[in-house]
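Enquirer: Can you build the whole structure from these sequences, using the hints too?
Listed below, chain by chain, are the residues.
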Amino acid sequence: AQKITQTQPGMFVQEKEAVTLDCTYDTSDPSYGLFWYKQPSSGEMIFLIYQGSYDQQNATEGRYSLNFQKARKSANLVISASQLGDSAMYFCAMREVSTNAGKSTFGDGTTLTVKP
Amino acid sequence: ETGVTQTPRHLVMGMTNKKSLKCEQHLGHNAMYWYKQSAKKPLELMFVYNFKEQTENNSVPSRFSPECPNSSHLFLHLHTLQPEDSALYLCASSQDRERGGLDTQYFGPGTRLTVL
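Going down the list, the protein sequences come from chains A and B.
The C-terminal residue of the first sequence carries number 116 in my numbering, and the numbering is unbroken.
The C-terminal residue of the second sequence carries number 116 in my numbering, and the numbering is unbroken.
One or more hints might be untrue.
Simulated crosslink set (PhoX-like; lysine-lysine; CA at most 25 Å straight-line) [said to hold, decoys possible]:
hint	chain 1	residue 1	chain 2	residue 2
1	A	Lys103	B	Lys36
2	A	Lys73	B	Lys41
3	A	Lys3	B	Lys40
4	B	Lys18	A	Lys103
5	A	Lys115	B	Lys40
6	A	Lys3	B	Lys41
7	A	Lys103	A	Lys3
8	B	Lys36	B	Lys18
9	B	Lys40	A	Lys103
10	B	Lys36	A	Lys3
11	A	Lys103	B	Lys41
A partial selection of chain B residues facing chain A, derived with a Cβ cut-off under 10 Å [what the hints assert, rightly or not]:
hint	residue
12	Arg9
13	Lys41
14	Arg112
Residues on chain A that point at chain B, a partial pick, calculated with CB under 7 Å [as the list claims (entries may be wrong)]:
hint	residue
15	Phe12
16	Gly43
17	Glu44
18	Met45
19	Phe47
Hint data in this document are derived by calculation from the structure and do not stem from the laboratory.
In this text the structure is predicted, and so the values were computed from the model without any measurement.
Every residue gets a Cβ at the ideal spot worked out from N, C-alpha and C, and that includes glycine.
Expert: Structure, rendered in structure tokens:
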């Protein structure tokens with residue numbers, strides 16, 4: 001079974017508007033972390049934001065926030081005030097404490113296009 | 001240099017060639033990883049080195065041979081590759097703890113490999 005599911009292959013958003021990228025996950029480990037990465041066309045995978053399974057509050061980093069709904073096993077990324085430079089591929093990833101150190105599972109990604 | 005660097009950024013090789021990819025991390029981390037990203041496929045973890053020991057080898061063909069001489073450097077030696085090995089190869093590093101941890105993985109810019 002796929003552990004990370006990103007159901008939106010592609011998304012469009014108007015510049016300056018907010019957009020939500022969906023991510024659902026599957027794990028039986030009570031301790032895990034969720035990560036979002038941005039990958040521009042240049043290829044580099046850029047870390048954006050992290051949410052721990054025991055964190056009481058949703059993570060925020062500048063214009064990025066993570067809408068963490070533990071019971072629903074979802075960790076959606078919200079980008080506020082979209083900019084043209086936000087156009088990229090976005091990946092959701094999970095690391096479980098119980099697995100071998102280092103093992104991350106990535107979703108298939110969502111391509112975000114910001115329209116001027 | 002800061003973060004994680006990879007060389008070369010682009011590589012074209014024939015099936016009979018031998019080449020090496022290099023990764024260097026300047027973050028003081030103790031774990032390094034090789035990932036393969038093919039078109040229309042999720043990111044695949046290939047190798048993990050924690051504390052300089054290989055702890056993960058996800059059934060990678062023997063034509064890929066990793067080497068981790070110290071905690072800052074990681075190599076991927078390539079020989080007799082196939083055209084289907086053409087992909088973006090990403091290196092990452094993190095600061096992992098012996099009792100398990102969820103530290104963020106930071107990625108390099110990748111090497112885009114084309115096998116003719």
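Enquirer: Now tell me if each hint is right for this structure.
Expert: Cross-check of the supplied hints:
For a cut-off of 25 Å, the pair hint linking Lys103 (chain A) to Lys36 (chain B) stands: about 14 Å separates their Cα positions. For the hint linking Lys73 (chain A) to Lys41 (chain B), the alpha-carbon distance of about 23 Å falls within 25 Å, and the restraint holds. Taken as a hint, the Lys3 (chain A) and Lys40 (chain B) pair is honoured in the structure, with Cα atoms around 17 Å apart against an allowance of 25 Å. Of the supplied pair hints, the one linking Lys18 (chain B) and Lys103 (chain A) is violated, its CA atoms being roughly 28 Å apart against a limit of 25 Å.
Straight-line distance between C-alpha atoms of Lys115 (chain A) and Lys40 (chain B) comes to about 24 Å, which keeps the hinted pair within the 25 Å bound. Pair hint Lys3 (chain A) plus Lys41 (chain B) holds up; C-alpha atoms about 15 Å apart against a cutoff of 25 Å. Note on Lys103 (chain A) and Lys3 (chain A): the hinted pairing holds, with a Cα-Cα distance of about 12 Å set against a maximum of 25 Å. Distance restraint check for Lys36 (chain B) and Lys18 (chain B): the Cα-Cα separation of roughly 18 Å lies within the 25 Å cut-off, and the hinted pair is therefore satisfied.
For the proposed pair Lys40 (chain B) and Lys103 (chain A), the alpha carbon gap of about 21 Å is at most 25 Å, so the pair holds. Proposed proximity of Lys36 (chain B) and Lys3 (chain A) is supported: the alpha carbons are some 18 Å apart, at most 25 Å. With a CA separation close to 17 Å, the supplied pair Lys103 (chain A) and Lys41 (chain B) stays within the 25 Å bound. A cut of 10 Å between beta carbons decides the hint on Arg9 (chain B): the least distance to chain A is about 8 Å, and the hint holds.
Annotation: Lys41 (chain B) was flagged as interfacial toward chain A, and the flag holds, the nearest CB pair being 8 Å apart, inside 10 Å. For the restraint placing Arg112 (chain B) at the interface with chain A, the shortest Cβ-Cβ distance is roughly 7 Å, inside the 10 Å limit, so the hint holds. Interface hint status for Phe12 (chain A): violated, as the beta-carbon distance to the closest one in chain B is roughly 20 Å, over 7 Å. At a threshold of 7 Å, the smallest CB-CB gap from Gly43 (chain A) to chain B is about 4 Å, leaving the interface hint in force.
Contact between Glu44 (chain A) and chain B, as hinted, is supported at the beta carbon level, the nearest pair being about 4 Å apart and thus within 7 Å. At its closest, the beta carbon of Met45 (chain A) sits 4 Å from a beta carbon of chain B; the interface hint therefore holds under the 7 Å criterion. The restraint placing Phe47 (chain A) at the interface with chain B holds, with a minimum CB-CB distance near 5 Å, inside the 7 Å limit.
In summary, the structure is inconsistent with hints 4, 15 from the numbered list given earlier, while agreeing with the others.
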